[in-house]
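Undergrad: Below, each chain spelled out in residue letters.
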Amino acid sequence: MAVHVVGLSHHTTPLPIRERVALEAAELDDALHSLHYAGAAEVVILSTCNRTEIYARDGADAAAVDAARDFLCTRGGLSDDDAARFVYTRSEDEAARHLFRVVSGIDSLVLGEPQIQGQVRSAYELAARQNGRGRPAGPILSRLFETALSVGGRVRAETQLGAGAASVPSAAVALARKIFGSLEGRSTVIVGAGEMSELALQCLLDEGVSGVVVANRTAQRAEALVAKYGGAAATFDRLPELLRTASIVACATAAPHHVITAEMVARAFREGRRDPMLLLDIALPRDVEPAAGSIDGVFLYDVDDLQQVVDSTLAQRRGEIERADTIIGDGVAEFMTWYRGRSVVPVIQALRGHAERLRQAELERVLRSANLDPETAATVDVLTKQLLNKILHAPTTRLREAAKDGREGEVAEAARYLFGLDEIGGTD
Amino acid sequence: MVTILHGVALLGYLAVGVLQTVSFARGRADVPRGATALVGAAVLVQLGALVAFALRFGELPLVGLGPSLSTLAFLIALFLLFATLASDARPVGLVLLPVIVALLGAALLTGVRPTGEPLAFSGAWFSFHVVLAFVGVAGFAFAFAAGLLYLLQFRELKSKRFGRIFRFFPALHTLDRLGRGSAVVGFCALTAGLMLGWAWTIRFRGTFAMDDPQVIWGALTWVIFAGVLGARIGGPGSNRRAALVSVWGFALVVLAYVVLRLAQAGGAAFL
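Same order as they appear, the protein sequences are chains S and W.
Under the working numbering, the first residue of the first sequence carries the number 2, and numbering increases by one thereafter.
Under the working numbering, the first residue of the second sequence carries the number 164, and numbering increases by one thereafter.
Bear in mind the hints are in silico, worked out from the structure with no lab data behind them.
Note that this is a predicted model, so its numbers are computed, not measured.
Please note that the accuracy of each hint is not assured.
The calculated label-pair distances, taken between Cβ atoms and stated as ranges, are [unchecked claim]:
| hint | chain 1 | residue 1 | chain 2 | residue 2 | range |
| --- | --- | --- | --- | --- | --- |
| 1 | W | 195 | S | 309 | 47 to 53 Å |
| 2 | W | 393 | S | 119 | 50 to 56 Å |
| 3 | W | 251 | S | 81 | 37 to 43 Å |
| 4 | S | 347 | W | 171 | 55 to 61 Å |
| 5 | S | 211 | W | 393 | 51 to 57 Å |
| 6 | W | 400 | S | 151 | 29 to 35 Å |
| 7 | S | 75 | W | 185 | 51 to 57 Å |
| 8 | S | 292 | W | 185 | 38 to 44 Å |
| 9 | S | 228 | W | 195 | 43 to 49 Å |
Not close to chain S: a few residues of chain W, all C-beta gaps over 12 Å, as computed [to be verified]:
| hint | residue |
| --- | --- |
| 10 | 171 |
| 11 | 190 |
| 12 | 201 |
| 13 | 265 |
| 14 | 317 |
| 15 | 320 |
| 16 | 325 |
| 17 | 328 |
| 18 | 335 |
| 19 | 338 |
| 20 | 354 |
| 21 | 383 |
| 22 | 385 |
| 23 | 389 |
| 24 | 415 |
| 25 | 417 |
Covered stretches of chain S, going by a simulated chain W footprint (3 or more residues, C-beta under 8 Å) [as the list claims (entries may be wrong)]:
| hint | stretch |
| --- | --- |
| 26 | 49 to 58 |
| 27 | 153 to 166 |
| 28 | 291 to 302 |
Just so it is clear, CB atoms sit at the ideal spot from N, CA and C, and this is done for glycine as well.
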C-alpha cells in the first residue's frame, strides 16, 4: 500500500521527450482514471512544461509503479532503455521529500520559481474533485499534497528561496523598483517596436507604468504596437524631447549604431530634467552610448547587467536550499508519522474487535448461567468493558509509538502473532 | 522602575538592531516581519519609562544629560516607527537603531535622573522649546540615516553591484522621500523651538546670549539644516547632493555637540 512518484523532468529528460509525455489539461481527467483502473488506489498527475510526474498509492496488487511507468512509456513512445534513463521512481518518504522539494521550487528549472506551487495545487485539486468516477486522490495522497502545499508556503515565508529577480525581465523590473519604488504612473518610452520591445512593454505595463510612448525608426510599426497596448507612437526624431520627461527608457532596436547618445541624455538634464532616468538597453548591439551611464541621475543597464542581477539572485537562492531542506525534513517527518500511524490502524481495529467479541461471548455465557438481575448485569458489562480498555491501552499505545518510530511492521506483526489475529481473520 | 524600563527598552532596540544586522549580513531582501512590532513595543516601554520619570520626579525628562538623551532617543525611535509603518523603510533602522542604542546607553550610564539645579528658563515655554528642538534633531538624525542609505544604494546601482545593499536597502525614491519629509518636519520644529528659546531669552534677559553653548549649537544646527534643504534646490543630482549634505551635516552637528560638551567638562545639563 506504498506511496510512489514515477516521473520524468528537466533534470533527466530532453525537451522533445518531455513535450511528448506532457498532458494537456483536457487529458488529465481520463489519464487519472485510466491509472486508477490500472492498479493505482490513489493518483495525482503533475504535468508542467518541465516535468510530468505521477503520484500514486498502491492498490491491493501493488501495481501502481508499473501502471505509472507503462503510462509514461506509452505516451512518450519510450523503449525500456529510455525508461531506465529518463524515468525515475521514488517511494514512501523519498516520494514525499521529492514532492515537497518540487512544490518549494528547489527542483525547478529556475530555482525558487513561484508558479510550481499553483501548478501542484491545481494538479491536486483536479484529482481530489468528485466527478462521478470516484476520487483519484484519496485520503493518503490528499494528506500528502496538503502537507506539501503547507511546506511550500513555509519555505516561501521563512526562507529567501523565492526572493529577488530570477529572469531578465524581472531583473529589469527589480532595478526600476530599486530606483523609483513603485512604478505606478511612471512615464515610459519604449525605443524600437520588435519582439523584445513588446516583451519589455508588457512587463512594464504589468507594473503599472503609464504615459507609454513607443518610438521607432518608422512610425508604422510603432503604431501597430500602440494599437495593441495603448499609448502613443513616435519616431526617433522626438527622442530628445521624450528624454526630458520619461522615467524609464527601454531600448531594443536592431540599429547598428547608438540610438541614444550621451549628449542627448546630458542635454535632457541641461534643459531642466531633475528626476532620475532609468535606461534599459536590451539591444544587441547596444542602443545607448555607454558614456550616458556616467551622467549623474542616469542609471544605465544593458543585458549583461540584467543577467548579473539574475545570477546574484540565483546565488542567494542557492544559499537558502539548506534552510528549505530543514523545513522539508520537518514536513516529511510529520507526514510519515501520520502515514505510518495509519498502517497500524487495521491491527488496532482487529485487536479491539477480537477482544470485544470475546468479551461479548463470555458475558452472554455468564449472564445465561448466573441468572443476574438487570442492575448487576449492567455493572458486570461496564466492569468488563473497563477491564478490556485497560488491558488494551498499552498494546494500542505501543503500536502507535512504533508507527512513529518506523517500526510499525515488526510490532504489528508481533501483535498479530501474539493475539492470533491472522487466525481469526485479520482486520475487523 | 525608571532605570529598569529604560533597560528593557534598550534591550528591545538592541534586539531589533541585531535582527536587522543579521538579516542584512545574510543577504536577505527584507527585515523579519516581527521587527516593526518589536520597535513598537520598545517605544511603548520607553514611553512608560519617561512617564515614570515624570511621575517620580515631578518634571518632564527634558533637563539633564540622561533624561535629555533618553527623550532624544525616544523621538528618533518614533520617527523610525512612523516611517516603517508608512513605507517599506525598515532597513533605515540599520543606521538609526545603533544611534538610538548609543543614546539610550549613554543616558543609562550617566543616570536618568534630574540635575537638581534650579532653572531660570522653565514652564510650558521651556518644555515646548526643548521638545521642538529635539524633534528637529531627531528629524535631522532620520534624514542622516535616509541619506546614508541613499548614498550607498546609489553607489550600488551606479556601479552595478547587485549584492546585499541592493537587495536589502529600500528604493532611492523611498529614501529620498523619507529624507525630504524628515528634514522638512525637523527643520520646522527646530526653527519653532529655537525661536521660542530666543524669544524667551530676549524677553526675560534682554540679550541674545550668543556665548551660550546651547545657543551656539542650536544656531549651527539650524544653519546646517537649512543647507540640507537648500541642497535640494537645483538641477540634476540634487537628490544625491541633499543626501550627501544630510550625512556630512549631521556628522558636523554631532561633532559640534561633542566639542561643546567637552568644553563644559563636568556639566550635568544636556549642554
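Undergrad: What hints, given by number in increasing order, does this structure fail?
TA: Numbers 1, 3, 5, 6, 11, 14, 15, 16, 17, 18, 19 and 26, in rising order.
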